Structure formats: C-alpha cells, structure tokens
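Enquirer: Protein sequence lines, in the order shown, are assigned to chains A and S. Per full-length UniProt numbering, the very first residue in the first sequence carries number 1; after that it's consecutive. Per full-length UniProt numbering, the very first residue in the second sequence carries number 1; after that it's consecutive.
If you're looking for bench data, these hints aren't it; they were derived computationally from the structure. Errors might be hidden in some of the hints.
One copy or any two copies: either way a pair holds, since identical chains are not told apart in the list.
No farther apart than 30 angstroms at their CA atoms in a straight line, the calculated lysine-lysine pairs in the DSS-like style are these [said to hold, decoys possible]:
1) K167 <-> K15
2) K15 <-> K63
3) K63 <-> K233
4) K63 <-> K8
5) K40 <-> K167
6) K233 <-> K167
7) K15 <-> K233
8) K40 <-> K233
9) K167 <-> K63
Please read these numbers as outputs of a predicted model, since none were measured by experiment.
Protein chains: 2
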Amino acid sequence: MPDEPDVKLIDVARKAGCSPATVSRVLNHNAKVNTATREKVLQAAMDLAYVPNGSARSLRSTKSRLAGAVIPTLDHAIYATMVNSLQARLTENGVSLIINTSSYDIDREYEQVRLLVERGVESVVLVGAAHRRETIALLEQRNIAYVFTYTAKPTDIGAAVGFDNEKAGRLAARHLIDLGHTRIAMLGGITINNDRAVSRRDGFVAELRDNNLAPLGILETPYQADGGHAGMKRLMLADTPPTAVICASDIAAAGALKYCRQNDIAVPGTVSVLGFDNLDIGELTTPELTTIDVPAGEMGRIAADYLLAPAAQRQHMRIRELPLRLVVRGSTAALLR
Amino acid sequence: MPDEPDVKLIDVARKAGCSPATVSRVLNHNAKVNTATREKVLQAAMDLAYVPNGSARSLRSTKSRLAGAVIPTLDHAIYATMVNSLQARLTENGVSLIINTSSYDIDREYEQVRLLVERGVESVVLVGAAHRRETIALLEQRNIAYVFTYTAKPTDIGAAVGFDNEKAGRLAARHLIDLGHTRIAMLGGITINNDRAVSRRDGFVAELRDNNLAPLGILETPYQADGGHAGMKRLMLADTPPTAVICASDIAAAGALKYCRQNDIAVPGTVSVLGFDNLDIGELTTPELTTIDVPAGEMGRIAADYLLAPAAQRQHMRIRELPLRLVVRGSTAALLR
DNA sequence: AAAGCTTGTGAAATCGATTTCATAAAATCG
DNA sequence: CGATTTTATGAAATCGATTTCACAAGCTTT
Numbered sequence: 001m002p003d004e005p006d007v008k009l010i011d012v013a014r015k016a017g018c019s020p021a022t023v024s025r026v027l028n029h030n031a032k033v034n035t036a037t038r039e040k041v042l043q044a045a046m047d048l049a050y051v052p053n054g055s056a057r058s059l060r061s062t063k064s065r066l067a068g069a070v071i072p073t074l075d076h077a078i079y080a081t082m083v084n085s086l087q088a089r090l091t092e093n094g095v096s097l098i099i100n101t102s103s104y105d106i107d108r109e110y111e112q113v114r115l116l117v118e119r120g121v122e123s124v125v126l127v128g129a130a131h132r133r134e135t136i137a138l139l140e141q142r143n144i145a146y147v148f149t150y151t152a153k154p155t156d157i158g159a160a161v162g163f164d165n166e167k168a169g170r171l172a173a174r175h176l177i178d179l180g181h182t183r184i185a186m187l188g189g190i191t192i193n194n195d196r197a198v199s200r201r202d203g204f205v206a207e208l209r210d211n212n213l214a215p216l217g218i219l220e221t222p223y224q225a226d227g228g229h230a231g232m233k234r235l236m237l238a239d240t241p242p243t244a245v246i247c248a249s250d251i252a253a254a255g256a257l258k259y260c261r262q263n264d265i266a267v268p269g270t271v272s273v274l275g276f277d278n279l280d281i282g283e284l285t286t287p288e289l290t291t292i293d294v295p296a297g298e299m300g301r302i303a304a305d306y307l308l309a310p311a312a313q314r315q316h317m318r319i320r321e322l323p324l325r326l327v328v329r330g331s332t333a334a335l336l337r
Numbered sequence: 001m002p003d004e005p006d007v008k009l010i011d012v013a014r015k016a017g018c019s020p021a022t023v024s025r026v027l028n029h030n031a032k033v034n035t036a037t038r039e040k041v042l043q044a045a046m047d048l049a050y051v052p053n054g055s056a057r058s059l060r061s062t063k064s065r066l067a068g069a070v071i072p073t074l075d076h077a078i079y080a081t082m083v084n085s086l087q088a089r090l091t092e093n094g095v096s097l098i099i100n101t102s103s104y105d106i107d108r109e110y111e112q113v114r115l116l117v118e119r120g121v122e123s124v125v126l127v128g129a130a131h132r133r134e135t136i137a138l139l140e141q142r143n144i145a146y147v148f149t150y151t152a153k154p155t156d157i158g159a160a161v162g163f164d165n166e167k168a169g170r171l172a173a174r175h176l177i178d179l180g181h182t183r184i185a186m187l188g189g190i191t192i193n194n195d196r197a198v199s200r201r202d203g204f205v206a207e208l209r210d211n212n213l214a215p216l217g218i219l220e221t222p223y224q225a226d227g228g229h230a231g232m233k234r235l236m237l238a239d240t241p242p243t244a245v246i247c248a249s250d251i252a253a254a255g256a257l258k259y260c261r262q263n264d265i266a267v268p269g270t271v272s273v274l275g276f277d278n279l280d281i282g283e284l285t286t287p288e289l290t291t292i293d294v295p296a297g298e299m300g301r302i303a304a305d306y307l308l309a310p311a312a313q314r315q316h317m318r319i320r321e322l323p324l325r326l327v328v329r330g331s332t333a334a335l336l337r
C-alpha cells in the first residue's frame, strides 16, 4: 500500500504559507480572512486532498454534527421510510445519522442511547413516548436535543412529532361504525412497551363504547403478514365472527386478506378489513386496502427540522400533531343486512 | 437545567484515588490492573455515571468504532432489510453505523463517502460494484475497509458479498423458457449507474440468445408499483404482447399484476409474471408471485462479519457469492398452446 | 498627526482521552 | 541473599483540530 501519511491541517497551513489558525478559520466559520489567503488555503487543501479529522474537531469544538435515531426495526416500511427522510434532511444540513434498532425493547433502547451519547451525538430521535426514565435523564443531563416520533401525546418531557394514536383508533372505529358494523374486532399490535399500540386500542374501545358497542375481540399479533393471517383465522372461526376487523398495520391486514381469500371469505362482503399505515402494499392487494395514512416521511423531515433548529426556537415547536387521514379503498363496505 | 458539569475520566480517577492512566486501563484493554483497584474504578465510574468522550478516545487511539453505509435508499425493503441486519451485527460488536443514501447517484455517493471518512469511519458498505474512481481511491488511501453488496462480481478492487446478477437474469429467463415461453419481455430497472440492473438484463438477454430467442422488449421502469403498472400496460397493448414478463422487483411485479387484474388479463393464464427480490409482498398478491430470492438480511450479516474481521483474515473472504433461489409460486405457468 | 478602531494573522492553550516510558514494590531465581 | 524479572501504577506526551489572546499594520476620526 502506498498509504501516504495522512494529511493534517498543519500540512495545509505549511503549504499555504500560513498558520493552522488561519486554515481553521477558512475551513470553518469563514471569519475575517483576506481573500488572497483564503484562496491559497483552499487551493492547498484541495491539492493535498485534505480531509479534516472529525474527532479532533468535535473534541475541541464540542460540536459533533452527529445525530442518532433508535427505532424498533428497519424491517418495517413505516420506520424505514421515516428514517429515510430523516437522514436525507439531516445530511442536507451536514449532520450524519447513526442508526440503532431496539426491537421494541426499552431496555435495549437505553443501551443504544448510551452508546449514542458516547459517540457524541447532539440530538436523538426516538419512537413513541414510552421510555425508561434513565434514557430521558441521560439526554436531559447531557443537554442533548431529542424528539419523539409517531406520537403527539402532550408530554412534559420531550418534544413530539406525529399523530394522536387514540384518535387513530377512534377514527378506525368510527369508519366501521358509520358503515353499520356492530361486530367489530381488532387485530392489534403487541402492546408491551408499545404505547402507540396501547393508545390505538384504547381509542378504538372508547369510540365503540361511546356508541354503546363493545369490541368483539382484541387479539395481539405481531406486525407481520403471518400474524394477520393467523389472527384472522382465529377471529373467523369463533362462534360469532366479526363483520369488520381493524388491523394493526397494512401488513397484518394483507395477511388477513390472504386468509380470507384462501378460505373463500368475501372481503368486504362477509367481513370488512381495515389496515393501518397506508403502505404501498395497500394498493396492491385484492381488494385494495382501506387504511389510515401515517405520514412517515413527513415525520422524519419535521423531526430533522426540529433538531436542526437553534435551541431557542425549539421551545416553540415542541408538539407537532400531524393530521390523520382515512384512505377509503375496497376492503371495507357497508354492512349487508 | 441542573446540567452538572460533565464527568470526565479524570474525575473518575480522582474519586477512585488513582491516575487517569489506570482508569483508562480498566475501562479498555483491561491490562494488568490489581483487582481491588479495578473494582474501585468501576464503582467510581458507576457512581459518577461516567460516559467516555468518544471523540477524545478516537482522536488518541485512532479507533472510532464507527462504520458507514451508503445505499441507494431506505425506502425499498431490499435495502432496508440489509441495513437492518448489518446494523444489528455491527452493534453486537460495539460498532455504530452511520447511514447515508445516494439515490442511485454515484457522485452523491462519493460525497457521502467523503463525509464518512471525515467522521472517521473504519469501514464502509457500498451497494453494487460501480463507483467513482475517487470513491475507491479515497478509501484505499485512508486504509478504510470496504465491501460491495448485492454483487459478487470478481473485482480486483473491493471485497464483495452478494450474488451474480447475470446468473440471476439467466435464472429468470431459464424458468420461463422451461415453461415453454418464447415471447418474453422485461420490465427492467433503471440501468443508469446501476451495474446490477445492467448485469441482470445482460444475463436475461444472453440466456434467451443461447436458446435462439430474442427479448420481446426491454423497458426500464422505476422500482415502484406505478412503474410496473405502466410498463405492463405498454407491453400488453403492443402489437405482439408477451406471454411472460420478468420484472425488476417484486414491487414492480405487483404493480404489473394490478394492471392485469384491472384489465381482466389472466395471470398466469394469459401472461406469466416473474418478480425479483422475494419480498413479503410476493406472498400477499393474487396470484402470489414467482420470484428470485435475494438474501438481503444474510448479506448485511456477512458484510458486517467481513468488516469486523481482523485485516489479516479479510484477505481470505474477499468474494462471497450467495446462492440464488427461484421461488415458484402462482404467477408463472406453462405456456398454453 | 495623535489617538482610537479595524482587520488579519500567529503563538500557544486547550478539548478528554490513550499511550509511552519510567519506576517502585513484589515475586522469582540461582 | 543479592540479582533479576514481573506487576502495578503514575507522570507526561500526544492525537489534530479550534479558540483565545495578543499584536502589528492599515484606517478613521478629530
């Protein structure tokens, strides 16, 4: 390997015939530097293919230009899409993003956040509003900006960007009630350590109760096609099968649809199926899925903007509730009597 | 804010009644340190909730425990899944992952890699084998380990983990030829800056030619459902529509399926549709998709293992070709005559 | 033209860890 | 038991940038 000795700032200074301080000035805050000198420095940096040492820079300046995100998984489009736009926006502003996954485990989440703090991140994106006390304490103590996503619960702790999950549950129930359904079941997500799934379920139950109805059954299933498939099977084989089912995600709903197709159960004729998330897949199933849109990309963008904003401004943007949108397609219909 | 002054290593040393050097020893290589002293140090670190300063550490030790990945997008499951397992494996080994997206643009890729180098990453994951010369030069010069994914092209430059894209194209063609099809078209991906799409197309064409056939048409479509939908429309409205279509991804294939459904074109009766990637969605469409499995998760894992391996060992693991697997489901069938 | 500002620059201190080198104390050996 | 090796530790140098402080030279201002 040729492996030339790494070019350092001082080498640039030498080549440009000035002091390291001046090089630093040119390369950073662009403070008062004579134009001729500036040119020489830039030229030298270019010639030497100088790449600054980020560690040294952040050690001295206490600015790392690093952000972190801890999400449940990247294997679900709803999170991957958010991270995609989060990353894009941060990068546009010179901030790099470190990603960690928690598998929906808040203890693991804490460990990951600790690691992020050690790496010197200046801000952190978390999912949901349920976290270990230590996690928040660590961020507060270190004065690291953080924002919760997929939730808009007014909380006295962190800032949040997302939507009201309880409203989402209600909106789903509302739609089915409006269609005349009374035997409504839910294929909910796993609620352990998932405050969002809990809220949606609560909203669902509350809306039913407000209409003098009770849920026909609430099953907890993993957010995967198999889970939706198996859950639908249990529901439809019960003594009183539902005429409408709310699913925790479009993936689960697609699995439910698959079960119905395999067993010649008409959707929406016999049973209406409602998804959640509004993933691409919703337009590709037969029938296409009625679902509730989750603005994942927008959340990522807004979260980024929040974290990029100067601390003073952040005060005014703590809670950002995004509108929920019911997307009506072919998998739900009025109850036949 | 209470904002206690940050605890530094020297504070731990003070509290434990020893020198910073000893604290460092305990916290790192665990070199010969008296057990009693070690306990005291660990206790002190715990009590003070000490979190090491990563910048200082990597500045001095030239070990950042940071890796980077530049992928086209996280908005496509095939990449998100790879990154998910890559990240998991790296984190297990104490390495954090910085993610950047390039939107399939190798100039952008170069910029992102530069940024990664500046952040001090010790290794980098790239997608495909087509990169700017500068990108590779930079990594080589800085002695940063890197690995290409989704490709197994024997290259004199980097290591690679993936599969032979040309074989994949051939495998797809082979399947359809075996089923008796002769009018075969391709809804390929965008080939600009995408060496993998190019290879798959070339393999497809080569296999047809080896069987004295010529492609009925090759359309380039975005890797999205709309693209597959629109492409299928063009193909089926042509003077001689194909009896079989190879799609660039399951998403595009699902879009193609949708077009057929909307226009009462029987699949696989009138036209067979072959997907690529083996995403979850393939099992949720009607009919379910015949597809070629891409071991995205495994690639991420293997890439991580490669990068985590000591440099000496890496020599022996440069190219790792994973097997391709045809997954036959309901969207392809023998040609009716 | 003297006093007071600006502007542009460099010398040296500094960020918080790791690492090298030296050394005291303890253990082993012939 | 004196000589030698081993073990455990600390003092000080160091990584590569940024930042503070000082100061010279060139401009204003009166």
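Enquirer: Hint by hint, work out which the structure violates, then give me just those numbers in ascending order.
Expert: 1, 3, 5, 7, 8, 9
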